[in-house]
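Number of protein chains: 2
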Amino acid sequence: MARIDDTSDYRIAPDPQAARLTRAVGGTDQTGAAVDLNVVEERPLTIYLNAQEIVTAMTIGDYPQYLALGFLRNQGMLHEGDKITGVDYDEELETVVVRTASQTTYEDKLRKKTRTSGCAIGTVFGDMMEGLEGVTLPATPVRTSDLYALAATINRTPSLYLEAGAIHGTVLCQGDQPLVYMEDVGRHNAVDKIAGWMLSENETANDKTLYTTGRLTSEMVIKTALMGIPVLASRSGFTAWGVEIAQQVGLTLIGRMKGQRFVCLAGEERLIRDIDPAQVADEPRKSGRKGSA
Amino acid sequence: MARIDDTSDYRIAPDPQAARLTRAVGGTDQTGAAVDLNVVEERPLTIYLNAQEIVTAMTIGDYPQYLALGFLRNQGMLHEGDKITGVDYDEELETVVVRTASQTTYEDKLRKKTRTSGCAIGTVFGDMMEGLEGVTLPATPVRTSDLYALAATINRTPSLYLEAGAIHGTVLCQGDQPLVYMEDVGRHNAVDKIAGWMLSENETANDKTLYTTGRLTSEMVIKTALMGIPVLASRSGFTAWGVEIAQQVGLTLIGRMKGQRFVCLAGEERLIRDIDPAQVADEPRKSGRKGSA
Chain U
0 MARIDDTSDY
10 RIAPDPQAAR
20 LTRAVGGTDQ
30 TGAAVDLNVV
40 EERPLTIYLN
50 AQEIVTAMTI
60 GDYPQYLALG
70 FLRNQGMLHE
80 GDKITGVDYD
90 EELETVVVRT
100 ASQTTYEDKL
110 RKKTRTSGCA
120 IGTVFGDMME
130 GLEGVTLPAT
140 PVRTSDLYAL
150 AATINRTPSL
160 YLEAGAIHGT
170 VLCQGDQPLV
180 YMEDVGRHNA
190 VDKIAGWMLS
200 ENETANDKTL
210 YTTGRLTSEM
220 VIKTALMGIP
230 VLASRSGFTA
240 WGVEIAQQVG
250 LTLIGRMKGQ
260 RFVCLAGEER
270 LIRDIDPAQV
280 ADEPRKSGRK
290 GSA
Chain W
0 MARIDDTSDY
10 RIAPDPQAAR
20 LTRAVGGTDQ
30 TGAAVDLNVV
40 EERPLTIYLN
50 AQEIVTAMTI
60 GDYPQYLALG
70 FLRNQGMLHE
80 GDKITGVDYD
90 EELETVVVRT
100 ASQTTYEDKL
110 RKKTRTSGCA
120 IGTVFGDMME
130 GLEGVTLPAT
140 PVRTSDLYAL
150 AATINRTPSL
160 YLEAGAIHGT
170 VLCQGDQPLV
180 YMEDVGRHNA
190 VDKIAGWMLS
200 ENETANDKTL
210 YTTGRLTSEM
220 VIKTALMGIP
230 VLASRSGFTA
240 WGVEIAQQVG
250 LTLIGRMKGQ
260 RFVCLAGEER
270 LIRDIDPAQV
280 ADEPRKSGRK
290 GSA
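First to last, the sequence lines map onto chains U and W.
The numbering of the first sequence is numbering that gives the first Met the number 0, which starts it at 0 and goes up by one.
The numbering of the second sequence is numbering that gives the first Met the number 0, which starts it at 0 and goes up by one.
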C-alpha cells in the first residue's frame, strides 16, 4: 500500500483503517481456497429536514452530517438564506435531522422526480436543470501542471478504494493541493459530503477544482456547476450531454485523466499548458486505480 | 475491435454502431491536439403508469419499452396478476406509457423513498427490502466452466462499452450462453431492460445467470433476487451488505471475476468446480475491460 508524506496537508483525508467503514467477509477463490476480504460497509441513513423525512441514503456511514447538509443543499432544499439551527445525527436510529429557523420549500421539490444516469434507481428531486439557467462559472484558469500534481497525489493517498475497492472517491482541490477527499459507495454521496463540508466551513468555490473517480454524466456536471466549482476532472469517461452542459455553463471539463493522458472537453481556452506531458510519469499498470465504466 | 462469430447466438446483442446511441464530441488531448471522440448519449425518458407520471430516467435511449416495463416491475408497481394492455413509446415526447387493465398500487410505492448506493441521486420507491422476506431462490447448480465461458464471450462481444466507454453492461445468461446483453448509462437501467424483456417474453428466471460489469451493492443483489435469478456474477467488487443479503436469500454471488480469478461470496455449495482455473486464459492487460470502482 502506497504511503505518502503529504496526507497531513489534507483538511480531510480518507481513513481506510476506521473500523466502522469495512468488515471482514469470507469467501472462496477460484481454486476453492478460503479467503478473508476487507469489504466496504453500506448503511442506511435517513435524512430529515425539520419534521419532514426526505430520503434514505445508502452510505458507507462516515460524515453523516456533511452528507445530509450537502444532499439538501445540492437538491435545492436548502438555500443560501436558510439559517441552519442544528444538524443532529443519531447513530442508533441512523438518522440526521437538519433544522432550519424558518420553513423551507422542500414540498415543491418532492413533486418532480428525475431518475439520473449515475447508476442507481436514481431520483433527482425537482427539475435537474433548475437553477442552471443563467449560470456562468468564473473563468478560472487551470494549470495542467496542477492537474497532473493533483492526480499523482490523490492516486498515492491511502484510501478505502485502495484498501477494499467497490467505492467512489471525490476530492475538493485548490491549485495543486487536494483539500477534502471523500469516499462513498454512492459517488453522489461523496460529492454531497464535500458540499456539506463547504457549507459548514463557508468555503469559496470559485478557486476550487473537483476531482472524481466516477463518470462525467449530466448530473455530475450539473451538481458541480450548481456548487459553483469551475473545474471538474475525472479518470473516467463522459456522456455527450455532460459535455454539452459543461460547455454551456463555462465549466472546464477534463476526462480520461490517467498518467500523461487526458482529454479536455470544455474550457480549452482556460487551460494553461505549463508542463510538457512527456515529463509526467505515466501511470504504472499495477496502480490498481481504474476509471470506472 | 474484437469481433466474434457467436454474436448471432444472442437474442439481443449490443448495437454499438446504432447512430442514435453515440455522438461525435470534439476535445483536445494532453498535447493540445484536437481529438474527435465517439461518446454515449444520455436522454430523458419519462415513464407513466396509466395516467400517473412515475419517474424520468436518464438513459442511453434504446429499448424504452423494456426499460419502462422492467422499471415498474422491479419497483413492485406492476405485479404478476396485472394485465398489461399496452406499452406506448413516443420518441418525440420522450415518454413511455404502460397501460394496465385495472388500477395498480403505485400510490403506496411513491410514499417511501430510499436513496440507493449505486451512484446517482438514487431512490427506490417502496421499501427496498419489501418482498424479500421469505424469498429463497432455487438451489440451481453453477458450473465454473460456464462462468468462465460467459465472461470470455461477453468480454469479446462488440459493445458500446468497448466502442465509447462510460457505460454499464448487464447480461442475462443461461448455462454457457449469454442471451440478452443490455447496456445503459445507468447500470440499473440495464438490469431493468432485462427485466422488461423477461416480462415481455414470459421467460423463466430459475435457470438463468445475471452477469454485470457493475458493483454488487445491496440494491443490485435485491433486484436480482426479486427477479428470481439465482446466480449473479460481476467483474467488480461488492459491499458487505450485498454479500449478507445474497447469503440470506440463497443467491450464488461471484465477484471480481477477471481472467482466471474470481471470488465466491455466497453459494459455494452450489458451485460445480468442473474446470481447473489454470486452464483458463488469463485476461490480457490490454483488454480494456475494467471493473468499475
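In case anyone wonders, no lab produced these hints; they're calculated from the structure.
Check before you lean on any hint, since a few could be wrong.
Away from chain W, derived, C-beta distances all over 10 Å, residues of chain U [to be verified]:
hint: 1; residue: I11
hint: 2; residue: T27
hint: 3; residue: V38
hint: 4; residue: A148
One-sided excerpt, in silico: chain W residues whose CB lies under 7 Å from chain U [to be verified]:
hint: 5; residue: W240
hint: 6; residue: F261
hint: 7; residue: R272
These numbers come from a predicted model, not from an experiment.
The beta carbon of each residue, even a glycine, is placed where N, CA and C say it ideally should be.
Results for each hint:
1. I11: holds (19 Å)
2. T27: Violated, since 5 Å does not exceed 10 Å.
3. V38: Per Cβ check, V38(U) is inside 10 Å of chain W; nearest 5 Å; violated.
4. A148: Per Cβ check, A148(U) is outside 10 Å of chain W; nearest 14 Å; holds.
5. W240: holds (4 Å)
6. F261: Check passed: Cβ of F261(W) comes within 5 Å of chain U, closer than 7 Å.
7. R272: This interface hint holds because 6 Å falls under the 7 Å limit.
Hint compliance for this structure: hints 2, 3 are broken, all remaining hints hold.
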